[in-house]
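Read off the chains here:
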Amino acid sequence: MSRAMVAASTSQRREKRGPKVGTTGPQITVTVQRGGPEGPGRKQQFQVPAYDNQTVLDVVSWIQQNADPTLTYRFACRVGMCGSCAMMVNGVPRWTCRTHVSKVLQDGAMEVAPLRNLPVIKDLAADMDTFFDKWVSAEAVHHPTASRDDPIAPIDPEAPERVTASAGIECINCAVCYAACDTVANNPDYLGPAALQRAWTLYNDAKDGAQDTILDAVSGKGGCHSCHSMGSCTAYCPNELDPLSAIAGLKRATTRRFFGKGRA
Amino acid sequence: MKAIPRAHPLWLAYILHRLSGLGLALFLPAHFYVLSMALNDAARLDAFLRLTDYPLVKLAEFGLVFLLAVHFFGGLRLLAFEWLPWSAPQKTWAAASLAGAFLISTTFLLRAI
Ligand code: HEM
Ligand code: SF4
Ligand code: SF4
Ligand code: FES
Chain A
1 MSRAMVAAST
11 SQRREKRGPK
21 VGTTGPQITV
31 TVQRGGPEGP
41 GRKQQFQVPA
51 YDNQTVLDVV
61 SWIQQNADPT
71 LTYRFACRVG
81 MCGSCAMMVN
91 GVPRWTCRTH
101 VSKVLQDGAM
111 EVAPLRNLPV
121 IKDLAADMDT
131 FFDKWVSAEA
141 VHHPTASRDD
151 PIAPIDPEAP
161 ERVTASAGIE
171 CINCAVCYAA
181 CDTVANNPDY
191 LGPAALQRAW
201 TLYNDAKDGA
211 QDTILDAVSG
221 KGGCHSCHSM
231 GSCTAYCPNE
241 LDPLSAIAGL
251 KRATTRRFFG
261 KGRA
Chain B
1 MKAIPRAHPL
11 WLAYILHRLS
21 GLGLALFLPA
31 HFYVLSMALN
41 DAARLDAFLR
51 LTDYPLVKLA
61 EFGLVFLLAV
71 HFFGGLRLLA
81 FEWLPWSAPQ
91 KTWAAASLAG
101 AFLISTTFLL
111 RAI
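Heads up: the protein sequence lines correspond to chains A and B, in order. When we follow my numbering, the leftmost residue of the first sequence carries the number 1, and every step to the right adds one. When we follow my numbering, the leftmost residue of the second sequence carries the number 1, and every step to the right adds one.
Each hint should be verified, as a subset may be incorrect.
[Claimed, not checked] Example chain B residues on the side facing chain A (calculated, C-beta under 10 Å, incomplete):
(1) Ile4
(2) His8
(3) Ala47
(4) Phe48
(5) Arg50
(6) Phe66
(7) Leu68
(8) Phe72
(9) Leu76
[To be verified] Take a look, some chain A residues computed to stay more than 12 Å from chain B by CB distance:
(10) Ala67
(11) Met81
(12) His143
(13) Ala153
(14) Cys227
(15) Ala235
Keep in mind the hints are simulated off the structure, nothing from the lab. A virtual CB, placed ideally from N, CA and C, is assigned to each residue, including glycine.
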């Protein structure tokens with residue numbers, strides 16, 4: 001009896017999620033870039049049922065669950081916290097979990113591709129290794145000034161340097177800015193907006209003890225002076241952060257040090 | 001699909017700056033070559049300069065002054081943004097530099113005609 005119920009509910013669920021469902025209502029034409037590390041493969045088209053309040057991530061998930069289980073993509077939080085779901089949607093880098101289909105649809109169609117400027121693992125999953133390696137190369141890592149045994153030094157949240165640092169700390173490493181940046185596209189050594197912005201927040205952080213190390217790391221080849229201030233990072237950061245201005249801050253700080261005027 | 005997927009005002013300013021910079025760089029050798037005639041062959045220079053009476057050449061001169069003005073103001077905008085600690089109402093400056101460039105180059109065009 002109970003086994004029959006389970007079977008019934010399973011088949012019901014199948015029916016509910018099966019490919020036939022939703023094929024009568026309004027449809028979206030979705031073009032998906034497939035392929036692996038050897039380079040972009042074929043583009044594949046899917047018809048996906050349209051719903052109210054549908055995100056791009058919902059659409060990609062629908063394809064994977066109902067049309068092609070081999071489609072590879074990445075997400076975790078679904079609420080713009082984890083930074084793992086970013087993809088190119090109609091050529092623009094976006095968090096797919098926080099992008100409504102209605103916002104990006106063009107004549108009932110949209111195109112989804114893996115994040116630009118990064119190698120592809122498979123289909124829509126970009127390989128983030130170079131992106132994170134560059135954070136380390138930019139010394140965008142905490143350099144402690146005290147140990148756990150020392151008393152905690154108070155920080156004034158209104159101090160100008162703290163305000164400058166705080167402006168950039170909400171970054172969730174999603175690489176949307178990195179995918180938007182044409183300098184990254186043209187210069188493989190360029191550290192990129194996210195890593196440089198984190199270097200700038202740490203440079204202004206009273207609890208970071210390696211200002212000179214940071215400036216050394218960001219003033220070399222591929223450092224902050226490679227940036228052309230086109231502002232695509234700031235224009236597309238879904239968290240409304242401003243790497244463009246952070247990098248301008250690094251340009252001033254490195255130059256001031258070069259001419260021997262010390263800290264900004 | 002939009003024609004240029006990631007276009008936005010500052011990006012267009014960047015493209016304009018690069019294209020005008022390249023345009024100027026291409027013009028510069030020709031400019032020096034023509035100026036060198038003043039030293040070597042003044043008559044040929046005068047003959048060449050009579051070309052500037054043609055309307056098409058006048059238009060091209062407008063284009064050139066426009067490129068220089070665009071590049072000059074665009075460059076000033078970048079230098080100001082990067083070196084003065086401004087918190088950027090940069091779009092306004094991008095627009096203002098374009099307006100300034102048009103003003104100068106159009107004035108030049110009107111005076112030339
Ligand atoms: C009139 C005064 C000028 C100013 C204030 C100026 C300023 C600038 C600045 C700030 C940049 C860097 C832009 C960036 O980082 O992307 C630049 C780039 C450039 N400039 Fe100029 N410039 C001037 C004149 C010229 C002239 C006369 C030429 C041509 C011979 C020229 C050719 C270029 C080129 C080819 C670039 C590279 C474009 C790029 O990197 O996007 N500039 N200029
Ligand atoms: S401002 Fe600099 S970091 Fe930002 S998109 Fe442009 S070149 Fe890249
Ligand atoms: S700066 Fe913005 S776009 Fe860039 S990685 Fe951080 S959150 Fe993402
Ligand atoms: S799934 Fe976490 S940010 Fe989109």
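ask   = Hint by hint, which ones does the structure fall short of?
value = 3, 4, 5, 6, 7, 8, 9, 14, 15
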